[in-house]
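For the sequence shown, the numbering used here assigns the number 2 to the initial residue and increments by one for each residue that follows.
Just so you know, the hints here were simulated from the structure itself, not pulled from any lab data. A couple of the hints might just be wrong.
[Unchecked claim] Label-pair ranges, simulated between beta-carbon atoms:
#1 Glu44 x Glu85: 42 to 50 Å
#2 Asp117 x Glu74: 38 to 46 Å
#3 Arg54 x Ile90: 16 to 24 Å
#4 Gln89 x Pro5: 31 to 39 Å
#5 Ile137 x Asp106: 20 to 28 Å
#6 Leu32 x Arg102: 38 to 46 Å
#7 Asp107 x Asp8: 12 to 20 Å
We treat Cβ as the ideally placed atom computed from N, Cα and C, and that holds for glycine.
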Amino acid sequence: MNLPIDDEVVDTIISSPPYFGALDYARDNRLRLWFLGCEDWKELDASMTAKTRVYLPQMSKCISEMHRVLKSEGYCVLVLGDVERDGQIRRTAEILADLARQVCDDGFFVETIYDDIIPDDRRSRRRTRTTKFERILVMKKVG
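Working from the sequences, and respecting the hints, build out all of it.
Printed below as a string of structure tokens:
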């Protein structure tokens, strides 16, 4: 959300941000966090982007920052997961594409969204019901 990089110096960004509500990142990494000196993983979990109330504001800042550092005509490629929870599907690629248009005043053009099914043997959690496939959002900075 706050990159120590000058404006318009990056050719391409490839990232896989947290999936929208798919995982409890702090809970799932509490042992790693303990080794790093974080003693209250529950407090950290409340501030993580996977939580609905935090995800969109934090991703707005991230997208804005990515737009700032990208060169004109540069690409931003995000690997995202659609999430199904409580019978509702969150189509994260479309949500973030719309968000990018809003926060960057149409400064991003969505070139495409690729679909990639995740075979069960590639998942860290087998037989999960939340994320069945990934979407690859490809956006180009309008010059």
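Starting from the hint 38 to 46 Å, judge whether the C-beta atoms of aspartate 117 and glutamate 74 obey it.
violated (25 Å)
When you take the CB atoms of glutamine 89 and proline 5, is the distance between them in 31 to 39 Å?
Given about 37 Å between the Cβ atoms, the range holds.
Does the Cβ pair glutamate 44, glutamate 85 satisfy 42 to 50 Å?
violated (28 Å)
Could you tell me whether the CB distance from aspartate 107 to aspartate 8 stays inside 12 to 20 Å?
Distance hint for aspartate 107, aspartate 8 holds at roughly 18 Å.
Okay, arginine 54 versus isoleucine 90 on CB: inside 16 to 24 Å?
Since arginine 54 and isoleucine 90 have Cβ atoms about 19 Å apart, the given range 16 to 24 Å holds.
Mind checking the hinted window 20 to 28 Å against the Cβ distance between isoleucine 137 and aspartate 106?
holds (24 Å)
Indicate whether the distance between the beta carbons of leucine 32 and arginine 102 respects the range 38 to 46 Å.
holds (39 Å)
Going through the hint list in order, the structure does not satisfy hints 1, 2.
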